[in-house]
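Protein sequences, first through last, are from chains A and B. With the working numbering applied, the first sequence covers 1 to 193. With the working numbering applied, the second sequence covers 194 to 439.
Calculated directly from the structure, the hints in this document are not laboratory data. In this text the structure is predicted, and so the values were computed from the model without any measurement. In this text, a Cβ means the ideal position worked out from N, Cα and C, and glycines have one as well. There could be a bad hint or two in this list.
[As the list claims (entries may be wrong)] Per label pair, the in silico range of CB-to-CB distance: (1) B:S268 <-> A:P166: 45 to 55 Å; (2) A:G49 <-> B:Q341: 55 to 65 Å; (3) B:D408 <-> A:S137: 46 to 56 Å; (4) B:T363 <-> A:A19: 26 to 36 Å.
So you can see what is in the structure, the chains are spelled out below.
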Amino acid sequence: MSGEPWGGVTDPELAEQLAAGSSQALEQLYDRYAALAYSVAMRVLSDPGKAEDVVQEVFLKLWKGATAFDASRGSLRTWLLVAVRNRSIDHLRGRGGHERFEKDISQYAAASGAGSDPWQEVAQSMEREAVRQAVSSLPAEQRQALELAYFGGYTQREIAAMISLPVSTVKGRVRLGLEKVHSYLQGRGFVDE
Amino acid sequence: MSDHPDLENSVVAYLVGAAEPDEAELMRVHLAGCEDCRRLVARLQQVVDALPLAVEELEPSKDLKSRIMTAATASSQTHAPAPSARIRSRLRARARARWRPLIRYPHTALAVLAIAFVGLGAWNLYLNDRLARVPTQQRVTTTTLSGQGQLAGSQATVVDLRDQGVAFVTFRHLPSTEAGKVYEIWLIGRSKIPVSGGVFQPDSDGTKTLVVAVDTKERTTIALTVEAGPQGTTAPTQAPSLAGTI
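Using the sequences and the hints, build the whole thing.
Quick look at the structure:
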């Protein structure tokens with residue numbers, strides 16, 4: 001679980017040590033999250049070589065930019081996994097632009113207060129199985145729309161063309177899917193209203 | 194909850210990164226002014242951030258860790274911290290003070306420049322003579338690269354001191370970057386993987402000279418992109434607008 005001591009060091013402490021240039025902190029971060037990061041990259045890219053390239057790229061980006069990491073805008077793990085997902089999609093779809101999106105969207109999480117550290121409310125106490133259960137319990141068409149958008153990196157118009165449905169239907173399915181996952185996790189005390 | 198469900202669905206599509214670029218721009222504007230949609234984003238962001246946990250866990254290869262640690266160590270050695278704003282300001286003031294007498298007395302300045310020109314010419318002849326005497330592999334080569342697209346009209350002169358493992362790259366006519374963006378120079382060697390050579394902002398006259406490390410035995414491609422500042426990225430996010438191989 002995020003934020004808990006691993007060998008006595010919490011994620012915020014690791015972030016501080018990274019900012020101070022500690023390569024041991026980078027090593028600990030790798031031991032903690034590399035498998036998860038690689039799994040996310042593989043889910044998007046389905047190519048071990050490319051997935052490892054993305055993981056390396058993101059860890060090095062964190063290393064080089066550690067002094068600029070803003071813990072008030074999310075946990076280290078959130079940053080890492082979102083960055084891996086976005087870089088993987090950029091590689092897969094051959095387009096950039098996710099970096100701006102990350103920054104734009106994170107301001108609302110920070111400003112609302114509710115998501116100032118999403119893992120504190122969600123993943124800190126959430127087991128992966130609960131998220132898997134929540135996603136797998138979705139109706140097939142909602143899960144498909146959500147996975148094509150989030151892990152496939154497709155836009156709503158591309159998804160609509162793929163499944164021969166109006167864009168408004170795709171948007172509705174993505175929204176409903178997310179709302180249901182939210183309700184599932186909220187019912188088990190993992191997320192806030 | 195808000196009473197505009199269609200917009201809310203568009204905001205959610207934007208939240209998962211599925212909005213088209215034009216709609217994403219609209220959503221950015223809408224979110225700035227809609228408290229209800231900001232609350233919606235804050236609520237569902239928790240779920241979106243949890244989605245990576247739904248993947249099946251896999252293990253990367255054993256050597257990935259050592260590759261990352263080696264690259265991090267190398268990066269630590271090549272990325273010296275930039276001087277602070279106070280130090281930069283002090284250096285600028287010192288430079289201005291150094292040139293002030295010449296600005297105040299232009300005739301003296303011209304005379305000094307003329308002497309310098311003659312001196313540099315003589316020094317150039319001397320260096321050319323020296324270069325003609327050194328073995329071929331120690332020669333200095335100069336390459337000019339021209340920009341295209343957004344850098345049309347920009348140029349880079351690369352003075353390649355290959356036997357020293359370094360090259361001087363002087364950019365000219367570079368436009369200023371957008372706010373929050375920087376230029377990032379990339380070096381592509383045998384591995385074919387672009388490695389960042391550093392980030393910079395051009396001086397007010399559009400010039401900048403950098404010293405970059407080059408492979409002493411292999412050809413190196415030098416490329417320039419515009420990336421998010423202030424740190425740049427670990428891999429280029431766009432096709433280079435100025436590139437060439439030395």
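**Request:** Starting from the range 46 to 56 Å, see whether the pair D408 of chain B and S137 of chain A falls in it by beta-carbon distance.
**Result:** holds, 54 Å
**Request:** Kindly confirm whether 55 to 65 Å is satisfied by the beta carbon distance between G49 of chain A and Q341 of chain B.
**Result:** violated, 31 Å
**Request:** Could you tell me whether the CB distance from S268 of chain B to P166 of chain A stays inside 45 to 55 Å?
**Result:** At 48 Å between Cβs, range holds.
**Message:** For the hint 26 to 36 Å, verify it against the beta carbon of T363 of chain B and that of A19 of chain A.
**Reply:** Cβ of T363 of chain B to Cβ of A19 of chain A: about 33 Å, so the range 26 to 36 Å holds.
Violated hint: 2 only; the structure is consistent with all others.
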